[in-house]
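Novice: Going down the list, the protein sequences come from chains A and B.
Number 981 in our numbering belongs to position 97 of the first sequence; there are no gaps in the numbering.
Number 500 in our numbering belongs to position 26 of the second sequence; there are no gaps in the numbering.
Do not rely on the hints blindly, as some may be mistaken.
[Unchecked claim] Chain B is faced by these chain A residues, among others (derived, beta-carbon under 10 Å): (1) L1111; (2) I1139; (3) P1337.
Worth flagging that the hints you see were computed from the coordinates, not collected in a lab.
These numbers were taken from a predicted model, which means no experiment stands behind them.
The beta-carbon is built from N, C-alpha and C at its ideal position, and this holds for glycine as well.
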Amino acid sequence: MPSSPQDTGQVSNRVRIVVATSVMLTFISFWRAAAIILNDLGSSAFYAGGIAEQAVGKSAPWFVLAVMLFSFGVRAVYVESCSMFVRGGVYRVVKEALGGTLAKLSVSALMFDYVLTGPISGVSAGQYIAGLINETFLFADAHGWIPRAVHVIFHGTPQVSENWTAVVFALLVTLYYWWQNTKGIEESSEKALRIMQITTVMVVLLLAWSGITLLQTGFHLPPLPTLSNLHFSTEALGFWKDSRIAYHFAILAIIIGFGHSVLAMSGEESLAQVYRELAHPKLKNLKRTAIVIGVYSFVFTGIVSLLAVMLVPDAVRIPVYKDNLIAGLAMSMVGPLVLRLAFRAFVVVVGFLILSGAVNTAIVGSNGVLNRVSEDGVLADWFRHPHRKYGTTHRIINLVVGLQIFTILVSKGDVYVLGEAYAFGVIWSFVFKSVSMLVLRFKYKGERTWKVPPNLKIGKTEIPIGLASVAMVLVATAVVNLFTKSVATVSGIVFSLGLFTIFTVSERVNRRKHAQFQQQMKEQFQLLQSDTVERAGLGIRPGNVLVTVRDYNTLSHLKWVLEHTDTKEQDIVVMTARVSQFGSAAYGLSTEQVFSDYEQQLFTRAVSVAESFGKRVSLLVVPARDVWSAIVQTAINLESSAVVSGLSSKMTSQEQAFQLGRTWEETSEPKRQFVLQVVHPDGQVDTFRIGPHTPTMKPEDIHLVHRLWLNITREQGLENLHHHDILTEALTRFAHDYAGRDQKEILHDLRRVSRASPSAPALDSSAGTQAVRSLPADEDEPISSNKDEGPSSSPIVGP
Amino acid sequence: MNWLVRFGIYTLEALFVVGWSGTAIVLLLTGIEDVETLVEKDEPPQA
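Next comes chain A alone, as it looks inside the complex (with noise of 0.2 Å):
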């Protein structure tokens, strides 16, 4: 039930407004989980030995293959912040454990690693493709299939900048996923588990093959990471590179070794962010998804690192293949070379498919954390307003994407540098989380269903050994990454001292902009905050409308819905989604964090609208990460027989009817049927019965019904027999046959009977037609009906 902390008492000239605090989510398996983890995490397996061995020399496979078996301690600190808050993130956690000021400054460091994220995925594809087109050419040039006239173009062989030819590629992918982000794509974790499938069969393809090589031409493990072993390039120095200091030490110089690999295991912090989404029973499935990434990146980015310094030769290794180096594995196997090539053309297309995908998480990743951080206050509201259109937050969008192409250009197509930049970000986010976590085992006294093991019982005090373990670690890594990456420990502290202080700021002028807000807000309307949806917080009845509205400009079908709709007889329920990508949904939210200026800006016009109708509404915020399954939610715990919309500036009302109906289909039992009504701008309503529902038969159909059973109830014993039961019987019979061998010929007759049946109605109706739809199953025939007849009244009952 809702409950007001400081409006218990009805204020008569006030509008009541529920907002719901609580994410509208659709739950995934853990499998789904670990495939959208592993997205971000698996494709730094494509860049990350190659910069390791740049830095640390030959040995580096073995920094990685720790560095993927100290990410299962990570991963625990992970399990236990989500065991305490359902939104485990970094943000979270450190500011319930230090406070808001480190954990602004915990998130600059995220955000640091979240835009970088963008440009090494975007610009390590854009490697692994050059690469290719360059053997490519070679291939082709040594068949004698290069002409001549091109050969003296390009003074030989014809080959591209890798470099360049990278950033060209990271800049297009960038601007690509900017315009998809701008338009509001949804995250699909359908997608992910594709992308995961195709690149495990790239990756047991690779295992199979490495081995078959290694047992024709025998093996040497690479050199153990011993001082003598240890050849460390200027670069890997940094600050450190006119000194022997790592070579007095030889832990220092494993510290040294291990900060520079750290970067195969960015990516952890999606773990907390999906673990809201996961299903039952989640904590169990949160360890089984941090098991599968688990040994899945150990295998992928540990064993193929491994495998690349085993196999291809140091003469090409590092001087051919350091940005693309499992296409370097892909050439260094046993073989016909076409197949080589072949195979190294797949390594390239799942390179592309994965580090594409990253680019996107990033935008995704920062675009969540900068809205989150933005609705407690930290950033100007100005960010979080919403495209006209799309009603995205495009602006917080161009940020990031404007940050990612200056990188992209900086960094000149380098996959080290932004390598080493990158693990900046990924270690003091790190640290911050682990810090903070070991900070709470003292600090918070609430529920907390799994801690990191050991932990040592002294009296009353528990010392919480493994905890602290991962801590000192990441901490000491951190410091030495301080010195030896120069340009990552300039850049991220510019970058994030640079976000904190826009963090500092935003906040102060906020805070003052706030206190004015609030006393508009109690002056017009009364929030009444409420964990989830319910029809008793509204004061609602069952079979009420619910009219969704998002853009103040276009409130024509509000307008609709109040002249057609009697107050006494059905509710009216105003509805808005205030969406949050996978980043936002991590975190938890409070009634200001959901009911901004906009919103606000937005229920007056509404009340308004209904004021100049004298008729009463009700008022609805819901935070969603998917607009759809939002409305669906809503629509089932309101029990409403309605729901209405205006028609989307990007979409068709058939697109938009189908988007619900698939939504519905994926929604858990129990769900109820409902109409979904889109009003054009013009009057047109379409409408669309969501869910299963009795199909509008055709005159002759009857007909035919009709007269079987007239026939049939002549026959002894079938007197009592009716119209229903012949249906059954037939739909019993044409299912039988269709699961048997008839299926072909029962899909040719209905191709046929579809191609004979006139268009829809609603593509090509006029004005005052209704045309009433089952989505996503297959179209009915429609039923026509005046514009003037308004909502649907009663609820739509199922089968």
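Add chain B to chain A, keeping to what the hints say.
Specialist: Just chain B now, with coordinates in the frame of chain A:
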């Protein structure tokens, strides 16, 4: 080399070595638990 730098490096090395020793125990214990998690079957959700 200045004693402060030396002290700082020894501290970092000690943190790293002690941290890794503890992490090894974490990996061992969580590894055992992970096997149990994978073997264990889900209870049906409460109605």
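Novice: For each hint, tell me whether it holds in the structure or not.
Specialist: Results of checking the hints against the structure:
1. With its C-beta approaching chain B no nearer than about 13 Å, L1111(A) sits outside the 10 Å limit, and its interface hint is violated.
2. Look at I1139(A): its Cβ gets to within about 5 Å of chain B, closer than 10 Å, so that hint holds up.
3. Using the Cβ-Cβ criterion of 10 Å, the hint placing P1337(A) at the interface with chain B is satisfied: the shortest such distance is roughly 4 Å.
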